[in-house]
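*Asks:* Sequences listed follow chains P and R, in order. Numbering that gives the first Met the number 0 applies: residue 0 is where the first sequence begins, and numbers increase by one. Numbering that gives the first Met the number 0 applies: residue 0 is where the second sequence begins, and numbers increase by one.
Heads up, some of the hints might be wrong.
Said to hold, decoys possible - Coverage of chain P stretches by chain R, computed from C-beta distances (three or more under 8 Å per stretch; other residues unrestricted):
1) 81-88
2) 149-160
3) 163-170
Said to hold, decoys possible - Here are some chain P residues the structure puts well away from chain R; computed CB gaps all over 10 Å:
4) Leu1
5) Leu15
6) Phe23
7) Gly31
8) Asp32
9) Met49
10) Gln75
11) Asp130
12) Thr227
13) Trp231
14) Pro236
15) Thr244
16) Ile250
To be clear, the hints were calculated from the coordinates, so they are not data collected in a lab. The beta-carbon is built from N, C-alpha and C at its ideal position, and this holds for glycine as well.
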Amino acid sequence: MLKYLLRRILVTIPVLITITIIIFGLTEIAPGDVADFFISPEMEMSAEQMDAVRARFGLDQPAPVRYINWLGNVVQGDFGFRFTDGRPVRDVIFRRFGATILLIGTALTIGIVIGIPLGVFTGLRQYSFWDFSLTGISFLGISTPAFVTGILALMVFSITLGWFPSGGMRPVDRDPTLGTTIHHLILPSLVLSLNYIASFMRYMRFSMLEVIRSDYITTAHSKGISRTRVTWRHTVPNAILPVITVVGLSIPNLVVGAVFTETIFSWPGMGTLYLDAVLGRDVPLLMGINLMIALFVLVANILTDVAYAVVDPRIRYD
Amino acid sequence: MNKKAIGFLLLAVFLLAFSPAMAQDEGGGGGGTLIGAFDVGPGGAPQIIPFMDTAGRTWLSKIWSPLISWNEDMSALTPQLATEWSANEDSTVWTFNLREGVLWHDGEAFTADDVVFSLELALNPEAATSFPAFSQLDPADVVSITAIDDFTVEVTLAEPNPRLPFFMIFAWVLPEHALNDINPADYQNLDWFFTNPIGTGPFMHDEFVADQFWALVPNPNYWNGAPRLDRLINRYFEDETSAVLALESGEINFTFTSGDIALRLQDEGNYQTFSGPSGVTNYFIFNLRNSAFQDERVRQAFLYAIDRQAIAETVLQGTAQVVPCISPFPAMWPDSSELNDYAYNPELAQQLLEEAGYDTSGNFEISTYYNNQFHNDALAAQQAFLSQIGVDVTPLAQDVPTYNSYFYTGEGWDISYRGVGVNVGNFPFAFYEPGGQPTVDGEPLQGELFPELQEMIDAARVEADSDVYLSLLQDICQFQNEHALEGYMWTATRFGTGSNNLTDFYWFPAAGGGPYEDHAELWAVSED
Chain P
0 MLKYLLRRIL
10 VTIPVLITIT
20 IIIFGLTEIA
30 PGDVADFFIS
40 PEMEMSAEQM
50 DAVRARFGLD
60 QPAPVRYINW
70 LGNVVQGDFG
80 FRFTDGRPVR
90 DVIFRRFGAT
100 ILLIGTALTI
110 GIVIGIPLGV
120 FTGLRQYSFW
130 DFSLTGISFL
140 GISTPAFVTG
150 ILALMVFSIT
160 LGWFPSGGMR
170 PVDRDPTLGT
180 TIHHLILPSL
190 VLSLNYIASF
200 MRYMRFSMLE
210 VIRSDYITTA
220 HSKGISRTRV
230 TWRHTVPNAI
240 LPVITVVGLS
250 IPNLVVGAVF
260 TETIFSWPGM
270 GTLYLDAVLG
280 RDVPLLMGIN
290 LMIALFVLVA
300 NILTDVAYAV
310 VDPRIRYD
Chain R
0 MNKKAIGFLL
10 LAVFLLAFSP
20 AMAQDEGGGG
30 GGTLIGAFDV
40 GPGGAPQIIP
50 FMDTAGRTWL
60 SKIWSPLISW
70 NEDMSALTPQ
80 LATEWSANED
90 STVWTFNLRE
100 GVLWHDGEAF
110 TADDVVFSLE
120 LALNPEAATS
130 FPAFSQLDPA
140 DVVSITAIDD
150 FTVEVTLAEP
160 NPRLPFFMIF
170 AWVLPEHALN
180 DINPADYQNL
190 DWFFTNPIGT
200 GPFMHDEFVA
210 DQFWALVPNP
220 NYWNGAPRLD
230 RLINRYFEDE
240 TSAVLALESG
250 EINFTFTSGD
260 IALRLQDEGN
270 YQTFSGPSGV
280 TNYFIFNLRN
290 SAFQDERVRQ
300 AFLYAIDRQA
310 IAETVLQGTA
320 QVVPCISPFP
330 AMWPDSSELN
340 DYAYNPELAQ
350 QLLEEAGYDT
360 SGNFEISTYY
370 NNQFHNDALA
380 AQQAFLSQIG
390 VDVTPLAQDV
400 PTYNSYFYTG
410 EGWDISYRGV
420 GVNVGNFPFA
430 FYEPGGQPTV
440 DGEPLQGELF
450 PELQEMIDAA
460 RVEADSDVYL
470 SLLQDICQFQ
480 NEHALEGYMW
490 TATRFGTGSN
500 NLTDFYWFPA
510 AGGGPYEDHA
520 ELWAVSED
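From just these sequences and the hints, can you work out the full model?
*Replies:* What follows is the structure, encoded as structure tokens:
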């Protein structure tokens, strides 16, 4: 296993570099640059002034030179400065990353804790009242976009009932505490978790139905093993394997963020940061975020493989 | 511990955690805490610093003061740190008399050296600030900036600039004693602005939490009187919808609001509405590099074909006023008898198109960077009106960098629906001059030079007499109107909405956030 992990980590390095080259290339192809972003369409700016803005950000140098400079700096831990406000990219990303981990990590946890048991529950009761009801609700959860559920939740729980703040991560008129953080976190994380709950429930239900019909489960039943034991010792452990893949694929969301939820709840996470970076043609920030996302995806893939081996003793990587 | 005790403990923790906020500061003038979304909307720019400000000046002016600002409704300039200003005969030497007795937030005295330091920093190419662009001051044209005495600064220019004071609204004054050691190249990356900034504005820095809010406390030494508020907080929002929801939930006291939202909230009766002219003219600019638009009858046909008045009154719910030329303010227009109102006349429009030999089989994209309901509705209406005379157009919304990367080159677009901020002091002469914009062919934005217009622009640029200057702007307006140089549509009213418990609060939708005189020292929030 250790050898396998080392091999996977080594392969990650050239993959990461390739990804950064592709992303850098895409930012070059995209129309407009940060100088174009800085022109207020409602004001005027001469060619000389635009050239001065480009020179300020080093955009007067050829693209390969800029990329190599960026890579050299990143290797030394310097991610550069954000074009649009001059803040260090590393600080901005880590700050936003913390907020996103908190939001999406909570939502993902809620999704796993509620979605998977519900999937087991409905899988064991195919075509029952509960199966139909929860399946219907899950379809609603999957198909309703976060900006609809988010605004509805805010209108009901924040504006009408006044139970939760309308957004932000902390109160602005006093110091934050664990309690205030949880208070601000509840609504956005619940809204975001709806999709995870629905999605994990659907996958788990489907997987349960497949496993339940397997020969070894029939055999277990025919041997007189109790229904509970068959479910928890044989059905669920086997049914959960594909769901682990789905959960693993959701892990990169921890760094990608959730644009709509973050926007509606003014949650300063990675999703809105990424959007700002794209709209502002903020190359250092875009490169920094993409590097982080790529790293996360690769690590998540490795972790998923490891989780497989832990859950399923048949899987060996050596 | 029994279950009951655990239950009480949990309840106590819950109540402590979620109890309502307690007023924190006992200092200030007892005017309460005002929380606003000051950087929502077109005039906002969150977390911006002086001299890097493309907008966001409403908030910046709470901490830092400029030399001069607009007055309350942007109809004239008003003194800030400069109390008077005057020029020599050819407007090459400007003298600014400064306010005496002003203290920085740390108690140091403000002097002319601070102004010299600030202007030199703002014009330093190494600092690469946005000041030269916004002030239209080429650093090479500034011969010297000199402190004549502690409260007099003299700016000497290589070229006459009769409108210099209008651009000194962008001249924030920074404390030399706090910043004189900085490397200009590091200016944009300074933490100082967010950790311990010092200004001369009505409020002082208290707490900045990146991406979330910036809190200020009153400056007891403010030259116009100590503010009444105990605390002023600028809360950041990703978009207007989130800010409006926060306003409706009572968490904030003020935000910019779009016309439809502002009117809805106004009808509810629980809010105060602040409104004013945006100072931005929305118009079609035709790319005359395309021969289809070179004939002025085609451009006139576009104006006759679109019922601008009806769109302004119905689609835009009366939140926009039709304009005759690029200038949005009536003071810049000639007498109405000299203007063509291009009243809705589709028959005449069709006739003009036929006379001009316009080929109606083509389709033109109308590119725009606008992407909000107001302009989407307006564009849909314009498209519908044009289709009635057989002109087929398709709106194309782009993000700002994409739009600018095409638009300013003069290539890759035929018609653009856009806005330009125009006022008496800041007229976009450069749009109409060769080399004035970064077009690929060096021609004016539209691709064609109008010699008669150029003559008026040349005269206006150097005219020191304000009456003669205004008359020249009116002549330009008349020329633009007569030849339908562009398709002038309307200027929008912009809105802000505040809670009913705000007292003496003032907000104006100035382009870029001003700066303008809002007497923030008088603002207060009542307990109701």
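*Asks:* Run every hint past the structure and note whether it holds.
*Replies:* Now the hints, each set against the structure:
Counting residues of the stretch 81-88 of chain P whose C-beta lies closer than 8 Å to any C-beta of chain R gives 4; at least three are required, and the coverage claim holds. Under a criterion of three residues with beta carbons nearer than 8 Å to beta carbons of chain R, the stated coverage of the stretch 149-160 of chain P is upheld, 5 such residues being counted. A count of 7 residues in the stretch 163-170 of chain P with a Cβ less than 8 Å from any Cβ of chain R is obtained; the coverage claim is therefore met, three being the minimum. Non-interface call for P/Leu1 relative to chain R: holds, since the shortest CB-CB distance, roughly 41 Å, exceeds 10 Å.
Chain R leaves P/Leu15 outside its interface by the beta-carbon criterion, the shortest separation being 27 Å against a cut-off of 10 Å. With a minimum CB-CB distance of about 17 Å to chain R, P/Phe23 clears the 10 Å threshold, and the non-interface call stands. In this structure P/Gly31 is not separated from chain R by more than 10 Å, as the shortest Cβ-Cβ distance comes to only about 3 Å. With a minimum CB-CB distance of about 7 Å to chain R, P/Asp32 fails to clear the 10 Å threshold, and the non-interface call is violated.
P/Met49, annotated as away from the interface, has a beta carbon of chain R within 10 Å; the closest lies near 5 Å. A cut-off of 10 Å between C-beta atoms confirms that P/Gln75 is not in contact with chain R; the least separation is 17 Å. With a closest Cβ-Cβ approach of about 35 Å to chain R, P/Asp130 is found to remain outside the 10 Å limit, as its non-interface label requires. Remark: the non-interface label on P/Thr227 is consistent with the geometry, its nearest Cβ contact in chain R lying 29 Å away (cut-off 10 Å).
Every beta carbon of chain R lies more than 10 Å from that of P/Trp231, the smallest distance being close to 29 Å; the non-interface claim holds. Non-interface status of P/Pro236 relative to chain R is upheld: no Cβ of that chain comes within 10 Å, the nearest being about 35 Å off. Here P/Thr244 stays apart from chain R, with its beta-carbon at least about 32 Å from theirs, past the 10 Å limit. Listed as a non-interface residue, P/Ile250 keeps its Cβ farther than 10 Å from every Cβ of chain R; the least gap is roughly 24 Å.
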